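Chemist: The residues making up each chain are set out below.
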Amino acid sequence: MNYARKVDARAKLDGSCKFLDDYSYPGMIHGYICYARFHHGIIRKIIFPSDFNLSEFVIVDYKDVPGSNIVPEPEKDQPFLAEKEILHWGQIILGIAHPDRELLKKFISKIQVEYSNLPALIDMHECLDDEQNIFGKEITIDHRLGLTIDPSWIRTRGIYYTPHQEQAYMETQGMIAIYDPDASSMFIRGTMQCPYFVKAAVEAIMGKTVAETVVETSEGIGGAFGGKEDFPNIIAGIAALLSYKSKKPVKIVLDRSDDIIITTKRHPSRVEIETFTNPAQKTIEKMTIDYRLDAGAYQTLSPVVLARGVLHSFGAYQVKDVFVRGRLLRSNTPPNGAFRGFGAPQAVFAIESHIDKIAAQLDLDPYDFKKINLLHSGSQMPTTQKIIDDHISDCLERVIANSDYQRKKDEFAIYNQQNRDKKGIGLAVCFHGGGYTGNGEKVLRSKVRLRIEKDARIRIFVVNTDMGQGAYTTLAQMVAESLDHPLELTSMELPNTSRAPDSGPTVASRTIYIVGNLLRELALDIKKSLAGSSLSTYVKTNPEMFPRDYFREFSPDPSVTFDEESFRGTGYRDYSWAAAVCEIKFHASTYHIEIRKFWNVLDIGRPVNIGIACGQVQGGNVQAFGYALTEFFQKKKFGRMHGFTDYTVPLSYDIPEIFLEFIHTDSPLAKGLGEIPMDYPAAAVRNAFHNATGIFIDEIPLTPERIFNQLRNQK
Amino acid sequence: MKINFLINGNKQVLDVDPMRRLLDIIREDLQLPGTKESCGEGECGACTILLNGEPVTSCLLNAVHADGKEIQTVEYIAQQPLGKLLIDCYDETNAVQCGFCFPGFLIASYHYLKNDGEPSLEKIRYALSGNICRCTGYTKIFESVLLACQRLQAGKV
Chain B
1 MNYARKVDAR AKLDGSCKFL DDYSYPGMIH GYICYARFHH GIIRKIIFPS
51 DFNLSEFVIV DYKDVPGSNI VPEPEKDQPF LAEKEILHWG QIILGIAHPD
101 RELLKKFISK IQVEYSNLPA LIDMHECLDD EQNIFGKEIT IDHRLGLTID
151 PSWIRTRGIY YTPHQEQAYM ETQGMIAIYD PDASSMFIRG TMQCPYFVKA
201 AVEAIMGKTV AETVVETSEG IGGAFGGKED FPNIIAGIAA LLSYKSKKPV
251 KIVLDRSDDI IITTKRHPSR VEIETFTNPA QKTIEKMTID YRLDAGAYQT
301 LSPVVLARGV LHSFGAYQVK DVFVRGRLLR SNTPPNGAFR GFGAPQAVFA
351 IESHIDKIAA QLDLDPYDFK KINLLHSGSQ MPTTQKIIDD HISDCLERVI
401 ANSDYQRKKD EFAIYNQQNR DKKGIGLAVC FHGGGYTGNG EKVLRSKVRL
451 RIEKDARIRI FVVNTDMGQG AYTTLAQMVA ESLDHPLELT SMELPNTSRA
501 PDSGPTVASR TIYIVGNLLR ELALDIKKSL AGSSLSTYVK TNPEMFPRDY
551 FREFSPDPSV TFDEESFRGT GYRDYSWAAA VCEIKFHAST YHIEIRKFWN
601 VLDIGRPVNI GIACGQVQGG NVQAFGYALT EFFQKKKFGR MHGFTDYTVP
651 LSYDIPEIFL EFIHTDSPLA KGLGEIPMDY PAAAVRNAFH NATGIFIDEI
701 PLTPERIFNQ LRNQK
Chain X
1 MKINFLINGN KQVLDVDPMR RLLDIIREDL QLPGTKESCG EGECGACTIL
51 LNGEPVTSCL LNAVHADGKE IQTVEYIAQQ PLGKLLIDCY DETNAVQCGF
101 CFPGFLIASY HYLKNDGEPS LEKIRYALSG NICRCTGYTK IFESVLLACQ
151 RLQAGKV
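Residue numbers (this note's numbering), protein chains in the order written: chain B, 1 to 715; chain X, 1 to 157.
Extracted from the complex, chain B is given alone in its bound form (with noise of 0.2 Å):
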């Protein structure tokens, strides 16, 4: 059954579906935060606007957090109220309630902070570009044989740079939280991928003061992409301790232009290669990368997005002597966090805009140098790590075939010689890890419940959510399939912290690869107990064991190990890969890039379900469209975007046919799809524009004004 609809499509059409803004509780009252509008500075005074009666707002500040006012992150360097130093634009000092919301905003925006001011870095350039400005621990692999370099090998170097990416989810982030003083007790509901995130946030900023936090999500999640995966643990602190003050039920929606300025994006990035080349055999000898990323004002998860990123800088090619050193950098912008990719998208943009400069100095094309170069069947990474299939090469080789590659290079190379206008196809190729890096998931042990009750229904308790990549839907099916039970006699509950046990947080392509073959594995187990009988005749027969909860805790492999301090060892247990081209037209005048047509082939195992995942390949390509072509912030701009005026993503008018095909479709396994359809469609874009042009740019997006101002230098 590897299609199925998606079960909650129909209230989500019709608006019946209930967002996080269309709760409402008895007595609620409407909270907002008050933030920063300054870079870099020390808070001296607040003063609050003498023509309200103050004395009908609820406030809070650092001073009210009865627990800690240290967000519980990786690195734990991130309050939840600003003190006295401000480190970012956008950092918040104030939470503030109210029963009018309209009223509520127009005291916010007449309540003054005076400071002193102190130097900010805001430039990403500027951030990324200075060795000095460290940010925390260096990550290195270091597979260096010591090889002597030989004259005759090609020398290339690139700098690359990615900017800043919004996730820019259509629903704004948000919060309910209801304190219950008799019961001393704390519930959450919000938009989050996280719940037990959130509810350790509410837990550690609350200390002993309320006794328990249950965390359950909206029942639409209006997308998330990893901005709701660490941001929305400040929200609920700060809703959680207006209603704890307040003793009432307090919403906190962000309008969308605060949205954009206070929350998570995508880290920005400066990323160095270089490579030697044997020119006889064609192989990369030697590779050196410094990879860097730009984690804003405090690290948070940032470590955690340099260690996959420095695990992706490489690529897919198998290279004898290699030399990864990853850094982060810090700089007055909001701590960016996770976003589709994690650290993936800039590493991919990187190797495949070098690999396509290496190509062009030996004057070969991009596909025959990759084929020659990449990773198979036994060959190794540079943390060691075997390499077991030649699924990268077979996802080459159909998306070369599937897009008629080569007819189309040698027509595109004579219509260039006549036209103003330039048409142009790119290549690029990689891999993404499945789950949490390295040890993660075996830190993490993620727990799965099942309950078959007396009616032969089966509910599954997980915390993952569905933001919209279907997860409802998805593992409902996975164990339908495994019981040979009816879906729609499956079903997956409201994620609630209270009720399911703690399945993980809804990240790192984790919810099928991970949870769905927990839940999986649970119900195979399952069904061996109905000694051959099915599920729904064994309920009927044995009325007495049911209902009855089953439990499953994630076990690792023994045989997947990895070293945190030298990187070496099974970065992912498994890689979803792929392989992209890229068709665009240049247009002459306007200096625009049109994208035309797009090509994928991935392995991602087994799809649980065809339609859904042919919709995350779409989806995560156009994010990466944009990203290549349009998103950025601009500079000194940070702190004074309005949304989607000035921020701007992909529209209907950009989109163009996209092509895609899922091979190796008969492994059992299900492995990770969610962000590697965003990892790769940069470089494509950018190989393609270098086909078209002779041109490389380095660094995305590839706007108008980026590209007219190197053809203008080059001249």
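It is worth saying that the hints were derived from the structure and are not from the lab. Possibly wrong hints are sitting among the right ones.
In silico lysine to aspartate or glutamate, EDC-like type, Cα no more than 16 Å apart, as pairs [what the hints assert, rightly or not]: (1) 18(B) / 75(X); (2) 247(B) / 56(B); (3) 247(B) / 138(B); (4) 585(B) / 657(B); (5) 105(B) / 24(X); (6) 106(B) / 258(B); (7) 247(B) / 182(B); (8) 84(X) / 14(B); (9) 18(B) / 28(X); (10) 105(B) / 180(B); (11) 123(X) / 182(B); (12) 442(B) / 557(B); (13) 208(B) / 180(B); (14) 105(B) / 182(B); (15) 282(B) / 363(B).
From chain X, some residues computed to sit far from chain B (all C-beta separations above 10 Å) [claimed, not checked]: (16) 4; (17) 51; (18) 78; (19) 120.
The calculated label-pair distances, taken between Cβ atoms and stated as ranges, are [unchecked claim]: (20) 83(B) / 13(X): 33 to 39 Å; (21) 694(B) / 122(X): 27 to 33 Å; (22) 132(B) / 126(X): 48 to 54 Å; (23) 118(X) / 594(B): 35 to 41 Å; (24) 397(B) / 126(X): 53 to 59 Å; (25) 126(X) / 661(B): 26 to 32 Å; (26) 376(B) / 126(X): 44 to 50 Å; (27) 4(X) / 44(B): 48 to 54 Å.
Computed from a prediction, not measured in an experiment: that's the story for all the values here. All C-beta atoms in this analysis are idealised placements derived from N, C-alpha and C, irrespective of residue type, glycine included.
With the hints as your guide, set chain X onto chain B.
Modeler: For chain X alone, kept in the frame of chain B given last:
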């Protein structure tokens, strides 16, 4: 100020601040939460309604703009034969992801189906150019609307 209008077929008289956003009137005063707010500045189309039959972004309109007009929201459109046809098509293709933008897309595509309905990708792109979707990459949305146009032409409604 008193404003009179017809919403989803029902007469309404409201005494409100004439500058109150129409979106807030629909969501809060009239308890019709299917109309969504995403950008609040008329860019994304999540708050699209039909005002005298034309798709408009309700976040940019004030109460006074509704006076004497007829409004239709997703709650009403979803019950109409063409609305149901579109819902079936969006559902069959698994086009919906997070769904936050879909009430807006439903209205924009309903307007297209009702007023033109030619199964033309270019025209559909134009009809939907006022709506942002961040999840789907639009491809399946186009596919769904094309399917609805074809079914309408084939008389299968």
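Chemist: Could you tell me which of the hints above the structure violates, numbers in ascending order?
Modeler: 3, 10, 11, 14, 18, 20, 23 and 24
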